[in-house]
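Chains as they are written, first to last, in the numbering used here: chain X, -11 to 423; chain D, 255 to 600; chain C, 561 to 783.
Just so you know, the hints here were simulated from the structure itself, not pulled from any lab data. Every residue gets a Cβ at the ideal spot worked out from N, C-alpha and C, and that includes glycine. Treat the hints with care, since some could be wrong.
Label pairs and their calculated CB-CB ranges [what the hints assert, rightly or not]:
#: 1; chain 1: D; residue 1: K507; chain 2: C; residue 2: P669; range: 18 to 26 Å
#: 2; chain 1: D; residue 1: K595; chain 2: C; residue 2: W730; range: 53 to 61 Å
#: 3; chain 1: C; residue 1: G707; chain 2: X; residue 2: T216; range: 17 to 25 Å
#: 4; chain 1: X; residue 1: G79; chain 2: C; residue 2: D679; range: 30 to 38 Å
#: 5; chain 1: D; residue 1: Y560; chain 2: C; residue 2: G707; range: 26 to 34 Å
#: 6; chain 1: C; residue 1: D679; chain 2: D; residue 2: K595; range: 52 to 60 Å
#: 7; chain 1: D; residue 1: K595; chain 2: X; residue 2: A196; range: 28 to 36 Å
#: 8; chain 1: D; residue 1: K437; chain 2: C; residue 2: H645; range: 52 to 60 Å
Chain X is nowhere near these chain D residues, computed Cβ spacing over 12 Å in every case [said to hold, decoys possible]:
#: 9; residue: K263
#: 10; residue: S286
#: 11; residue: M360
#: 12; residue: G401
#: 13; residue: N423
#: 14; residue: E432
#: 15; residue: D469
#: 16; residue: G516
#: 17; residue: G557
#: 18; residue: S567
#: 19; residue: V585
#: 20; residue: V589
#: 21; residue: A590
#: 22; residue: R597
#: 23; residue: G598
In silico contact screen, one side only, chain D against chain C (beta carbon under 10 Å); selected entries [as the list claims (entries may be wrong)]:
#: 24; residue: K435
#: 25; residue: G436
#: 26; residue: A494
#: 27; residue: R530
#: 28; residue: N532
#: 29; residue: D552
#: 30; residue: T561
#: 31; residue: L563
#: 32; residue: E569
#: 33; residue: V579
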Amino acid sequence: MAVVLSKERVGHEEVEKFYQFCKNSINTEVASYLEACVRCGICAEACLFYMGENVSGRIDPTLTPAYKADLLREIYKENYTLLGRLKKLFGFGLKIEPEDLKEQVRLAFYTCTNCDRCTKACPMGIDTPKLVSIVRGALTYAGLTPKDLADATNMSVEKGSPLGVDTQTFLQRIEFISEEYEVEVPVDKKPSEYLYIPSSIELMKFPASVASAAKVLNRAGVNWTVSTVAHEATNFGVFAQSKEVTKEMLRRVLEGAKGLGVRYIIAPECGHAYQSMRFIAPNVFPEEWTFEVLNIVEFIDKMIKEGKLRINKKVLKERATLHDSCQIGRRGGVLREPRRIMNMVAEDFRDSVLIPEHNICCGGGGGVLVIGDADYYRQKAFISKMTLFDKAKAKTVVCYCANCMLALTKSSRELKRDYRFVSIVELVAEAIEEE
Amino acid sequence: MESLYHIYKRRGYTRRDFLTSAIAISTALGLSSSLLPKVVKALEVKPKPVVIWLEFQDCAGCTESFIRSTSILPTDVLLDYLSLEYHETLMSPSGFYAEESKREAMEKYRGKYVLVVEGSVSPKDKGVYCTVAGKSNIDLLKEAAEGAGLIVAVGSCASWGGIPHAYPNPTGALSVSEVLKGKQVVNIPGCPPIGDVMVSVIANYVITGKAPELDSMGRPKTFYGQTIHDRCYRRPFYNAGRFANSFDDEVAKKGYCLYKLGCKGPITRNACATIRWNGGLSFPIQSGHPCFGCSEPDFWDRGMIYTPLSVVSGEFGIKEALVGVAVGTAVGVGVAYMNKKLRGGK
Amino acid sequence: MSDVAFYDFVRGPFLKFALFVFFVGIAYRFFRVIFLGLPADYAKPKGSPPFMAVKKIIIKPTMGWTFNEIFSRRAINFIGGFLFHLGFLGLTFFVPAHALLWKEITGIPFPTLPNIVSDVLAYAALGSLIALTVHRALNPVLKLLTGKDEYFANLLIALIIFTGLLATRWAGGGSYIWLVSLHLFLANLLIIYIPFSRLSHFVYYFLSVGFMGWNAGKRGVSF
């Protein structure tokens, strides 16, 4: 089985593997991004980790997104450009020390959530998440994934989910939710049109979300089910950027979906689940992945448009603002839908940004929440996120990703703040409850 | 020997005419007004200069320009004042009598005469391409230069080699200063140079006994210290970006700048824009033709008389650009494929 | 060497060489990246990738100005950068002497600017360049990112604008010839330097922003 390593000692073999992986990851797109950087540093002002430090009075220039890609850039130059090759020939090539790789782990895993905000700010449109993903992949290939993340990834391959939810536990939880929240959850129903795949974070930490999703699906009257084979929406292979793990996790989803003959897959309130199933899976299984993937919020919006769901009361009374999940919103195109829903369910909805794509990341995505060593950075990032909440003067924040909710709740508690985080699906379920 | 003042009196001019000329000479030479009494005194007292004018590979255009100098001295005074002891074009004797006259003058006024040289010098093949009375031009020049008080090279041919020096230069033409290495030669370039400039330089020798202040290339600073562009009356049009597009078009008639038509004014040092020609009547730009830099070295080889100054000399058009792009593309694609191979395919 | 001989050299063989190196170099750098190949993308796009790619290429320079949170912190980058690029591009293409040169190279007759406008552009460009370079030396983020390449390029461009101003506005007494020759010499150096440095970013702009637009179209976002 594919396994992700987290070595303690970093030696020259690891450096060599890192180098080789970076060298082989260059294509036209990546090369354009690496060549295009004009060192303007505007990306720093967009990065929530840099801003978080900045707001508390410190400036850590190494948190600049452009700097995260710099080692990759040097490797590219050394192997693909004339001047770089000449430099290497004359002995002035790159000398990567093991400490440099440790620094790369900090830059790629602890202080980057692949939120894409720097891309929007960059005058040259450089997609830094793509470059950071390559660095992550290279570090994983060299066996230097951070321990917490490696453990969770290995767990998800072995047991089926990063929290250790195997098929049996899954069935138990579904039963529990079904009883506790009095909602019907079909399991392995054949034939079905829609396959709903919860994430284990929701399943274990926010069971109300799963129940709400089930309520909504039932009320919409569609033919849906969950699957015991495809029971995990998260894909830690995407965090660690390990091709084998990504493929394996997606293969399970494919197997389950194919087995049930569904047409649609509904991704739950989980950021990278939508990314992996909507945009990555068709490239991992070009021929077999024929499903249409919808995020649950997208699905709700679609049902409202088709008249299958009706929201006729505002269940959120206090001033509330919306937190956009980066992977679903800015990187997934699901930005207008949650706002439409908010306007229907909230009495006093104040958007914290003029342009939805400008919203700030929760600071816990991309596996940062899982990694203990990254806690400091996540907390600092929350400070920059708070400025948006305070701008909207809201204490209630509606989210559409369970990981975001977990990260924000954790940070808020650690910094002793009193924000309240609510899932949008729960609100919808409440709003359509009585009819 | 008469002085200038005596000539004026003899010719029937008034003292006022004499003073006007003295002031004109002073102004042309850029001397300060406080020196004017000294200038007048010098011109009253000092005897007229003896000039020996040698012509080698020339067209006699400089002579023509010289005798048409009328702003400083009236023509009859001019020809009286500058005692041309030897001038192949202008003097009356010819043949051996002319040569004899030259030899006498060189002996009698040794160390004091002004040697004016017109035309370039050809030392090639023992100087056989330009001879006078059986003697090669090199020998004639060196002989005359020995006893000269001041050596003046008039015209671009004498100053830089000029037209004979242009490609392919079959006679191996050289400038006077290249042949007379080590001696001070005053260069008055131009094709032809302005007559008033030549007269003023000689007058300066009379007044001060030496050459005027020269720049690093031997040109008098007062006349060649600025470019045509610095003093051109069409400069405001250049500043405003108003250019004539073709000869005699609508806007050229309005006096627009001739930069687009190839004016070399910005890189040409001469006094054409201020002193002008034919008693200040006009100069090429005023007549609607762009300057082609006739007082600068190698103006004929530079060519590009009608192409603008900022254009690449030697042509760089769209064809060359496309050739460059094609070469770059070929190399780039080749390197990219090589990189792909080295990368090992994805 | 006399001043006119030097002028003939920089305007003749040296300029020709520089332009040739420029065209070869730029084409080389562009195609060296393009032909590296791209893996196929089988995910169905949510928006229209080609449309977004083109749209972003056209409007990207203005997008930073709508990103208020960032603009307020880095106004100097946006305003200075804008003034500098506008000034330097206006000068390179529309000053009469340059317009004639471009007409020779491309065959298209460029319109010309009056001197007063060129002056304003030159002072704006020079002023912004100096301000931005000072900012670059003092800001900790930029200090980390900047190398010798950037400072050298900035210095070269500043000198070129400066000598251009000197030659057209402040020269007299024949010093124009040396100044304009110096201006041409430095400009030739710059033209040769562009394909070897980060200054060729204007070529990569189209690629990088095109890809970003393509991804934005694929994901269905509009910003």
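Consistency of the hints with the structure:
no.	hint	in the structure
1	K507/D <-> P669/C: 18 to 26 Å	21 Å, holds
2	K595/D <-> W730/C: 53 to 61 Å	56 Å, holds
3	G707/C <-> T216/X: 17 to 25 Å	56 Å, violated
4	G79/X <-> D679/C: 30 to 38 Å	49 Å, violated
5	Y560/D <-> G707/C: 26 to 34 Å	47 Å, violated
6	D679/C <-> K595/D: 52 to 60 Å	53 Å, holds
7	K595/D <-> A196/X: 28 to 36 Å	56 Å, violated
8	K437/D <-> H645/C: 52 to 60 Å	56 Å, holds
9	K263	80 Å, holds
10	S286	57 Å, holds
11	M360	68 Å, holds
12	G401	65 Å, holds
13	N423	43 Å, holds
14	E432	46 Å, holds
15	D469	44 Å, holds
16	G516	40 Å, holds
17	G557	38 Å, holds
18	S567	31 Å, holds
19	V585	9 Å, violated
20	V589	8 Å, violated
21	A590	9 Å, violated
22	R597	5 Å, violated
23	G598	6 Å, violated
24	K435	17 Å, violated
25	G436	19 Å, violated
26	A494	5 Å, holds
27	R530	18 Å, violated
28	N532	25 Å, violated
29	D552	8 Å, holds
30	T561	8 Å, holds
31	L563	7 Å, holds
32	E569	8 Å, holds
33	V579	4 Å, holds
Comparing the model with each numbered hint stated earlier shows that hints 3, 4, 5, 7, 19, 20, 21, 22, 23, 24, 25, 27, 28 do not hold.
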